[in-house]
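**Q** Quick note, the sequences are listed as chains A and B, same order. Its first residue numbered 2, the first sequence is counted upward by one per residue in the working numbering. Its first residue numbered 13, the second sequence is counted upward by one per residue in the working numbering.
Treat the hints as calculated values from the structure; they're not laboratory data.
Below, simulated PhoX-like cross-link-like pairs (lysine-lysine); rule was C-alpha separation at most 25 Å, straight line: (1) A:K68 / A:K91; (2) A:K246 / A:K43; (3) A:K68 / A:K43; (4) A:K246 / B:K129; (5) A:K43 / A:K232; (6) A:K68 / B:K33; (7) B:K33 / A:K43; (8) A:K91 / A:K57.
Only a predicted model underlies this, so the values are computations on that prediction, with no experimental measurement involved.
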Amino acid sequence: MKRVRVIPVLGIDRGRLVKTVRFGDPRYIGDPLMAIRIFNDKEVDELLVADIRASKARREPDHALLKRMAGECFMPIGYIGGVATADQAKRIFDLGIEKVGLCTAFLENPSIVGELAGRYGSQSVMVCIDVARSMIRGQRAVGCSGTRPSRMTPEEAARSAVEEGAGEVLLHSVDREGTFTGYDLELLRSVVRSVAVPVVPLGGAGTVDHLAAAINTGASAVAASSMFVYKRNDVRSILVNYPSKQELERLVANNPGSEVP
Amino acid sequence: MIVIVDYGLGNLASVQNMLHKVGGECIISGDPDVIAEAERLILPGVGFFATGMRNMRERGIVAALDHAVLRQRRPVLGICLGMQLMARHGQEGDALGLAWFDADVVRFDQKRMGAAKVPHMGWSVIAPRYDHPVLPMSDNEERFYFVHTYYAVCERPADVLADCDHGYTFTCVIAKDNIIGVQFHPEKSHRFGMALMQRFIDWIPA
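Chain A extracted, bound-state conformation (with noise of 0.2 Å):
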């Protein structure tokens, strides 16, 4: 029996877990080293950390806290955020972790995508879409922490990102981000049919329920950042959280016709 992927993204800017609403001003949350301890303990699936500035700002990945977090997390950890070329992948892998995400290096560069796929394998590569609406064009995949529109819709740069040959695409909803609204399904459904590798959301969950539809929908994994940060869906209270065994496993018994035998 295989379970579906439950994966928390913690979001870092300048050493700090921080949070955002819509790819807002972030908000201090607490210390990531912390986070991490928390999540080991719960056992969770996989874990994802973004620089949620890094592109935007041309700064480097803040490699002396990735090692420390990697250093700490005996489950699978990515790392999204200012990674452009192979050289700034290679120091990341080496600190041990195992998967790389790439978002506005994509956008601005498609090719180092395969660059990396080639020499890490497919499964290391992860082309994180960030789509953001605009009133006369529609969504539209965009770049530096949003800022950027590109020209590519969500659905065509996903495409591309397979044919360079990403192993797996983050699909995440700006218009959703930190909103408990749940996942732009429609989204979804379009890029899962899109493309044949597995595609994971993030942006909107709040309650199990949300992870189980999106599931349904055709989601390989899901991903949310929000959900697992605050108590009950409320801002106001800071707490570090993950669901149960038994809510995950509703999450198996509700889903039959997705990755789960």
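Chain B: place on chain A using the hints.
**A** Just chain B now, with coordinates in the frame of chain A:
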């Protein structure tokens, strides 16, 4: 001292992190002399089968490993690609392996898998076939983290220690004598992986 074999591919730091956590003294080395004299070995790896073998040949690691494992009979744990390299042939890049097992490494057959996707990425429960010091039979569910597109097919059923399911049943742990190889990543598998690493450190093969 445990030697984590460095042949230029893979997740060496995470294996080292996990060994430190369970109290195993270890070094990372690609030096054939160090490898040949190791008391205990971990052969990690993530990447392309043919590249792994080419790297090991170019660096003189194949002969050093054969000496330590086959002649000195030192305990060795292969992880992911490190396990696959213990087979005689890998489909990925059509290359010969270390040939410690009469096994071939083949790609998941999408036609037999239904909705399951390749690569197999995520947590799966494994089913041991018999009791082994590194992987004892247990009433509790043992789950591990997998990321792979290829797996080993053993010619001798006795070499298969545990099975797993992804679309169909495949071999996920191979073992004989002083050698054990796992397709999953114990270094990324919480307490399940920690316990396995601990048992490997303590293992004295018969």
